[in-house]
Amino acid sequence: MTAALSALVFAALPAQADVLDDIKARGTLRVAVKADYKPYGYRDTSGAIIGIEPDLAQDVADKLGVSIEFVPVVSSNRMQFLQQGKVDLLIATMTDKPDRRKVVSIVDPNYYSSGTNIMTPKSFGFTEWEDLRGKPVCGIQGAFYNKKTGRDFGATIVAFKGTAEVYAALKAGNCVAFVYDDSSHVATLEQAEWADYEMPLPTIDDAPWGLAVALGETRFHELMSEMIIGWHKSGRILELETEWGVANTPFAMDMNAKYK
Amino acid sequence: MEAFYDWFRVLYETTGINLPFLYDSYDRDRMFFGFFMTIKLSLVCLFFSIIIGIIGAWLQNSPFKWTRRIMNGYIQLFRNTPPLVQLYFFYFAISSLLPTVSNGYGGQQPILGGFAWAAISLSFFAGAFNVEIFRSGIEAVPRSTIEAAEALGFSRLTIYTHITMPLAIRVALPALNNNLVNLVKTTTLAYAIAVPEMLYEANQIWSDNVNVTEMMFFLLLVYFGLVGVLVWGMNSWERKLKLPGFGA
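Residue numbers (the numbering used here), protein chains in the order written: chain A, 1 to 260; chain B, 1 to 248.
Just chain A, same shape as in the assembly (with noise of 0.2 Å):
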């Protein structure tokens, strides 16, 4: 009986295709990606995505030695295209979270990071968290670290729908930090307008980011692991952040410490 199932089991194998064999029959990897995230993923004047995760899905299609086709996501459906078939790989800056692990399949190790900082004229010379009690500080409305920079930091929030008023009113002097993610700072510090400006506190709430694949595409989450530890080794990661105007991340240098 035991053998009887075993071997049906073993007959159905090779009938199940994976999503790696729909992929090299296609031809086409489909990969979800921010397209207003600059600079892990936005759009060029011409209107193509661009950025450093579309460079890393790029990698991926390229090992497969398939095309690419990008398919632009927003934070609220990005795991609903994966769950959907829409796309076969997620790469869109998300935060890796438990409750995110039961709908997609999150590989591990994480490929990046990011946490909260403060974006602030060089001339205030704030050295620590505690040096913001009192002092109106900018945010987003409904962003999570506005409570925990108020309540433990004793900063007045000021809180705007989006970082556009946020800069004006950073510029205006009604604020004098923006509390807000230090990847987003890393890339706006790097505009000339923002020559001033500095993100001179020590990260906090550091929580790393997780591409993702259908929950049960077992292979193509094995590939996309070893992907993600030759990306920690070669440096990938540290020469993606340089070649699009990125500091080095704490996260990223130490991953590449720990792989070498």
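Treat the hints as calculated values from the structure; they're not laboratory data.
Below, a list of computed lysine to any residue pairs in the SDA-like style, where the Cα atoms sit at most 20 Å apart: (1) K147(A) with A192(B); (2) K24(A) with L223(A); (3) K147(A) with Y23(B); (4) K122(A) with G106(B); (5) K171(A) with W194(A); (6) K171(A) with Y105(B); (7) K171(A) with Q108(B); (8) K97(A) with N209(B); (9) K161(A) with S207(B); (10) K185(B) with N235(B); (11) K171(A) with V101(B); (12) K135(A) with V101(B); (13) K185(B) with M216(B); (14) K171(A) with S96(B); (15) K161(A) with F90(B); (16) K171(A) with I94(B); (17) K122(A) with Q191(A); (18) K147(A) with F33(B); (19) K147(A) with F35(B); (20) K171(A) with A192(B); (21) K147(A) with N203(B); (22) K63(A) with E226(A); (23) K148(A) with D29(B); (24) K148(A) with V210(B); (25) K122(A) with G104(B); (26) K171(A) with T100(B).
Once you have looked at the hints, place chain B on chain A.
Just chain B, lined up with the frame of chain A:
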């Protein structure tokens, strides 16, 4: 009191109805602060919009052509543009053109903050309507009443403050009532320029706790209560001022 607050924590744990602004002291302080900010902003705006209305209606009837023109220009500008756009305009455009002051730790900050701009902008917005409301009241005062006062040798200002305005207010009250109710509701717009009023604080709380439904119910009820108090006050004022045989 603590037992009362704890009851809401138990309510959350047992039923999933999450009202963190009752059991979490930090959120509670935020909500109270937001509530008083809404009341403060409303009172300031009510006061100044009525002042603008009274003075504006006086200037609108001025014998000088340019005073009337400027007044009408103001009304057209503020009545015919959205209040949110005005708020952004004052906060982001006008504010940056004004001189700055030292913020006490080595930087410069705008001379007026979010609250001041919200108060100015919303007062001007509601004030534009109030001018027209008072004008309608003034035009309802019989011409013969004013002529009689003129015949007795009263000055233009005395006639306005002692005869026209007291009669006009009675006629204008229902419309004024409407506009002031609107003004209290419009204070929620100040959340766009980060004035920590009730909607702003509620938004932070529902973002932190993912309890949008509960916060929406709460907000609706609180505003209903707040506006209810205003309407009750205005209505009883209306009844007190009622002159038998005159106007509304």
